[in-house]
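If you want my numbering, it's the position in the sequence shown, counting the first as 1, plus 330.
Source of the hints: derived by calculation from the structure; they are not laboratory data.
These numbers come from a predicted model, not from an experiment.
Just to be clear, a hint being listed does not mean it is correct.
[Claimed, not checked] If you anchor each label on the Cβ, the simulated ranges turn out as follows: (1) Glu467 with Asp591: 23 to 31 Å; (2) Val577 with Lys397: 55 to 63 Å; (3) Ile355 with Ser502: 50 to 58 Å; (4) Glu513 with Glu580: 40 to 48 Å; (5) Glu428 with Thr498: 16 to 24 Å; (6) Lys507 with Asn360: 47 to 55 Å; (7) Gln485 with Leu510: 48 to 56 Å; (8) Leu477 with Glu580: 17 to 25 Å; (9) Glu514 with Glu419: 24 to 32 Å.
Built from N, CA and C at the ideal position, the CB exists for glycine as well.
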Amino acid sequence: MNRFKVFVVLVLMSFKTFACLNWDIKKLKNKVEVYRDHKEYFVPRGHQFKIKDFSSLILDLEEGYEKTKDIDYLSDKGYVLIIQGKYKEALALYLNIEKIKPNRYSTASNLGTLYELMGENEKAYDWIKKSIRINPESHEGSEWLHLKILEAKIQKLENPTGEFFIGTNFGSGITLKTKLSDEELIKLQDALFFQLNERISFIKPKDQIISVLLFELGNIAFMDENFSSDTSEIYELSKKYGFRSDVLNERLIVCYKKMNDFFLKNGKDLDKIATREQALTDKLIKKARNDDDSFNQMIMVFSIITLFLLSSTIILFFKWKKLKKAIPAS
331 MNRFKVFVVL VLMSFKTFAC LNWDIKKLKN KVEVYRDHKE YFVPRGHQFK
381 IKDFSSLILD LEEGYEKTKD IDYLSDKGYV LIIQGKYKEA LALYLNIEKI
431 KPNRYSTASN LGTLYELMGE NEKAYDWIKK SIRINPESHE GSEWLHLKIL
481 EAKIQKLENP TGEFFIGTNF GSGITLKTKL SDEELIKLQD ALFFQLNERI
531 SFIKPKDQII SVLLFELGNI AFMDENFSSD TSEIYELSKK YGFRSDVLNE
581 RLIVCYKKMN DFFLKNGKDL DKIATREQAL TDKLIKKARN DDDSFNQMIM
631 VFSIITLFLL SSTIILFFKW KKLKKAIPAS
């Protein structure tokens, strides 16, 4: 397969992945979109906040409340303050909302989040527990894991294990073992993804608890042989947040090897696909030449994608070599 065909195949795979994305959209009461995240399988990347003018947004929410007296406007203002990192101001606002209209789920949940971000974990635990009583299915039914995270912080555990948080483990070898049913694994995967995606939005590396939970999320993904690239990304993120383990490195090597074997095994089929797509690309470029602006935009897009894929390939190669050297042959 020549280099251009390999490039086309990689681009196609990236487009195919993009087509499989689920969108997670957050809109405020005034219809402003705060984020529009694409969830690529179960790789938590955090919310990509879109707010540029915080002052104007907060003013608009305040005006909305004055006109309607709808408490949701104030609640959303508090959420924006959290995004800004203005925790004390947000805390005062939510405590006032609780006085105006007590026992709202969003108030209890946001107060729990705020107290945790401020390091007051006992108060955070109480408010999250209250939010669960108000709405047991909140946050996709994952708040039980939030409570376990707070328990670890309250107890000041130095080296919390994945089993402490999720109540199970997947063994210490390359081959994973579990007593959980497929349905239980899916629910656990959902809970881990949701809690991690929220935390990664506000907490940057390094963080011990996040690193452990990412490792366990990676272990669940590891059981699905079809998503080795996503599994490796989760494991790498776990390392970025501070997780260190020979087992993680060994499983990473397995992921990279599976990715390599896939290309070797499916080379001929990929070659056929690439040939067809190369012909289609030639037609598109020929058509685009009739419009200089369109052609220039297309060239720019392909240049960016090429640079990204080349960089990713180089990084992947060196990570694989580094990991192979780090683990002694058995």
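Evaluated hints:
1. Restraint check, Glu467 to Asp591: a C-beta distance of roughly 41 Å breaks the suggested window 23 to 31 Å.
2. The hint said 55 to 63 Å for the Cβ distance between Val577 and Lys397, and at roughly 57 Å that hint holds.
3. Checking the proposed 50 to 58 Å range against Ile355 and Ser502 shows it is violated: the Cβ atoms sit about 40 Å from each other.
4. In this structure the hint that Glu513 and Glu580 lie 40 to 48 Å apart at CB is violated, the actual value being about 28 Å.
5. Taken as a hint, the range 16 to 24 Å is violated for the pair Glu428 and Thr498, whose Cβ atoms sit roughly 36 Å apart.
6. Evaluation of the 47 to 55 Å hint for Lys507 and Asn360 yields a pass: the beta carbon distance comes to about 50 Å.
7. Separation of Gln485 from Leu510 is about 25 Å and departs from the stated range, judged on CB atoms against 48 to 56 Å.
8. Leu477 and Glu580 have their C-beta atoms about 32 Å apart, which leaves the hinted 17 to 25 Å range violated.
9. The hinted window of 24 to 32 Å between Glu514 and Glu419 is violated, with their beta carbons roughly 41 Å apart.
Taken one by one, the earlier hints fail for this structure at numbers 1, 3, 4, 5, 7, 8, 9, listed in ascending order.
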